[in-house]
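A.B. asks: Okay, here's what each chain looks like letter by letter:
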Amino acid sequence: MSKTQKITKMFKILASLRKNRKVVFGTTAYVLALFISVFVLLNYPPSSKKVGYAEPLLPPSPEHILGTDILGREMIVLLAEAVINSTIIGLTAASIGVLVGSLLGFVGGYYGGTIDYVSRVFTDVFLSVPSLLFLILISSLISSLGKQLNIVEVGLLIALFAWTWPARQVRAQALSLKERDFIYLSEISGERKLEIIIREMMPHMIPWMTASFVNAFMSAILTEAGLSILGLGPQTDMTLGMLLWWPLNNAAIYRGLWWWWIFPLAAFIYMFFSLYIVQIGITEIINPRSRVV
Amino acid sequence: MAVSVVNLLEVRNISKTFVSGFLFSGRKVVAVDKVSFSIPGEKPIIFVLAGESGSGKSTIARIILKFIKPDEGEVLYKGKNIFAINSKEDLLYRREVQAVFQDPYSAFNPVYPVDHILSITARRLGVDQGKGIDEAIDVALVSVGLRPEEVRGKYPYQLSGGQRQRLLLARALIPRPKLIVADEPVSMLDASLRAEILNLMLDLKAKNGVSFLYITHDLSTASYVGDHIAILYRGSIVEIGPIDDVIPNPYHPYTQLLMSSIPQPDPSKRWQEKIATPEVSAYKEQPIGCKFYDRCPWKKEECRKAPPPLKKIGNRYVACYLY
Amino acid sequence: MSVLLKVEGLTVAFEINGKRLLAVNDANLEIHQGEIFGLAGESACGKTTLANSILRLIKPPGRILKGRVVFDGVDLLSLDEEEFRKIRWEKIAYVPQASMNALNPVMRIYDQILDVVKAHRKDFSEDEIRKRAEEIFASVGLAPDVLKMYPHELSGGMRQRVIIAMSLILNPKLLIADEPTTALDVVVQRGIIQLLKEINMKFGTTVLLITHDMAVHAQIVDRLAIMYAGKIVEVGPVKEMFEKPLHPYTQLLIASIPRAGEKRKLAGIPGLPPDLRNPPPGCMFHPRCPFMIQGKCDRVEPVLQEVAINRKVACHLYKG
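Protein chains in written order, with the numbering used here: chain A, 1 to 293; chain B, 294 to 616; chain C, 617 to 936.
Don't read these hints as lab results, they were simulated from the structure.
Be aware that one or more of the hints could be misleading.
Said to hold, decoys possible - DSS-like cross-link-like pairs, simulated, lysine-lysine; straight-line CA separation at most 25 Å:
no. : chain 1 : residue 1 : chain 2 : residue 2
1   : B       : Lys498    : C       : Lys881
2   : C       : Lys912    : C       : Lys879
3   : A       : Lys19     : C       : Lys635
What the hints assert, rightly or not - Cβ-Cβ distance ranges computed for the label pairs, FRET-style:
no. : chain 1 : residue 1 : chain 2 : residue 2 : range
4   : B       : Pro580    : A       : Val118    : 34 to 44 Å
5   : C       : Leu693    : B       : Gly454    : 30 to 40 Å
6   : B       : Lys381    : A       : Lys147    : 50 to 60 Å
7   : B       : Lys362    : C       : Arg880    : 56 to 66 Å
8   : C       : Pro760    : B       : Pro580    : 52 to 62 Å
9   : C       : Arg636    : B       : Ser480    : 53 to 63 Å
All values derive from a computational prediction rather than experimental measurement.
Note that the Cβ used here is the ideal one computed from N, Cα and C, for glycine as well.
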């Protein structure tokens, strides 16, 4: 294929994503939230995140749009931070999860035999273990040792289990792909093994890897929220989960401090659902397969 | 076995067993059982490998195309063992021995236009001196009766089954092969298309000097294009010889059964007797003697004891105790 | 000979992406009681759609636009669902393409038969069903212990016999078999073909055999119809059709079939079947026809008419 054809091909794949309304809608919603968050952070002084910036527990007003929390911090700034930090955690966990998982799954599916057996057993063990429980265990251990986790470290922790589903998916794909007629044809056309994997097989696996990625992203945000609400989150950084831990831990509902928990909850639901819509859209694209990919 | 004339392809005593099922309850299926045959190289010929499902013909094709290794035996191309050559010789093998598959749709990667695999073949397996890649592709397309404008840039789903099958042939011709392994190339095409592809194969043999290993279960198409034929039954060759001898006058009881089961497209030539032979289930045990024993109308005691060897009768070989 | 099934002016359309195509175009057929009737044609000619129409299995985006399917004097298309259910399986049995792969892999054969019979006739007792199953199995050449097996334990040919047996359990008057031997080995195929002939002779079941394989038609059918691009182009007794085909498509089709042992040069049919979304004007076949009459074949659609006793052709070369 000529250079122009290759670029057109790339755009065609992106186009099939662009055509799906759900994918576009969900992605736009999520990115919008990110933009707003960055905008907020740029327009507020860094001191607004610090303790004692304003009077604590102020309800929403023209000066403090979403009110302040118990430490006198500007809620809107905290929300913006949380959105960005949770995104970082999600991206870290999902990227590592999908990369490592796909590699492991592919190697197993493609080579078969003992390599596949070992990788499968490994994957199955991690799959059958209740991941949230283990993560709770590990983070409690870490916090009892006095160590405080930052957001990247939380992302890595979640990645510990995020690779299993992509591994399964990609292995199944590899198994079925390697027996396809066009793969055999590529072999007798002189294409080398590595070329076949990258050029012939990857385009078929990318939709699945993308779905796995979105799934892992969603799962990471949910897991982080779960850990943080239990008090095992990155205490010093602000994430969507931490944003919920603060009000929960301080009886905000009982005390009628509605702005302290409604806005974080709304933000959380918004972020999660925009990803969910993207995921549904991607699933639509994969099943039934569109013509191009 | 001393070979005075170097055969194009020589298959010597290859066997392949597949194990299916779990670790300890695995079932062994002997797909190919000590098969030997050769395709001579003096002039282009169409050699037919005929058999029904379970005969091992596809496995033999996969061994020859180096997708799987035989458990025993060897495959020699121009005298050299194809599994014991270095990567340079392997490239040469890929150039000279090409293939066409049964399903013209799944043979193409749906993600790319059909040019994709043509360019790859041209680039990787080399083209004629001086010719550019595009030129080589166009020449191949024309030689199979396709106009480059009608297929360039198109995706597989935009073309008809006949066009796709021609494309597969074109791709196979790009590196100027000596032998094309064609595994059921027309089974998935309509009757009127089959004739065209079969005629194309005959043309390519006559004008381009290409030999074919034509693998099929359809003896009617086999007899139309074939010069030589080997009949496979459950992994073994039961009869092998010139097609003009074997088809009108089959010696082996299985070949006779095959020939009599072909429906003739002629209402005045209808089957007279009812077929009585029982069907063999896939999981029957491997017999010790002749594999065709339980379906053979002329079975004898000695047929049960040991499998009959291939014996030369006239200008063909038959594996049967009747001879 | 009485007419068991009469298809009159059947037209079935499919609407895809706003474009409409006629998969079956004004089809007319008559199947006589007790005969084996063959319907031939290459891929996408409409023969399976025709069979599905008879059994009212056409679902959107397909729609029966017009026509009648008269079975035993009753227009099947005018019945309501409940009345038609009584006809399906009991009077008309259908063995669709690749149905041997549609057996439930986790149920024993006997249980599947039980299911099917009970769904149609609640008045049969289990004993009666078992007896009938064993009877039918014997007539299709299956041992009674096959009833206890699972589908994967049977070979392709045996599964096909099971399907045929299941279709005959309620003793239907008409059996429609669509490509019953594709994917089967040639020896097994012979067994199935001869089985259909036997069923026709022993039980008097009328058979509508649909397949692209002309050789199979030659072996057992009594009369044959050829379909092209949704239209029936020729009908007649099978011997005459092969000895003296009238329609150019039939002639070319028969000339393209290889015969084992013959080295006569085969001719294919140049060109491609028409795109039904943009059908050619006039005769569907005219772009590929060696005898095309300029000004007539490309303007006027030929009508299926009787040109000799029992012979119908849709072609301008012949006068009705």
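A.B. asks: Range hint 30 to 40 Å: satisfied by the CB atoms of C:Leu693 and B:Gly454?
C.D. replies: Holds, at about 33 Å.
A.B. asks: Does the Cβ distance between C:Arg636 and B:Ser480 fall inside 53 to 63 Å?
C.D. replies: violated (33 Å)
A.B. asks: Starting from A:Lys19, check that the Cα of C:Lys635 is at most 25 Å away, please.
C.D. replies: Roughly 22 Å between the alpha carbons, so the hint for A:Lys19 and C:Lys635 holds.
A.B. asks: Quickly compare the C-alpha distance for C:Lys912 and C:Lys879 to 25 Å and report which way the hint goes.
C.D. replies: Cα-Cα ~37 Å, so violated.
A.B. asks: Okay, B:Lys362 versus C:Arg880 on CB: inside 56 to 66 Å?
C.D. replies: violated (42 Å)
A.B. asks: Has the hinted range 34 to 44 Å been met by the Cβ atoms of B:Pro580 and A:Val118?
C.D. replies: holds (39 Å)
A.B. asks: Given the hint that B:Lys498 pairs with C:Lys881, test it: the Cα-Cα distance must not exceed 25 Å.
C.D. replies: holds (15 Å)
A.B. asks: Lying within 50 to 60 Å: is that true of the beta-carbon distance B:Lys381 to A:Lys147?
C.D. replies: holds (58 Å)
A.B. asks: Lying within 52 to 62 Å: is that true of the beta-carbon distance C:Pro760 to B:Pro580?
C.D. replies: violated (26 Å)
Hint check: violations occur at hints 2, 7, 8, 9; the rest are consistent with the structure.
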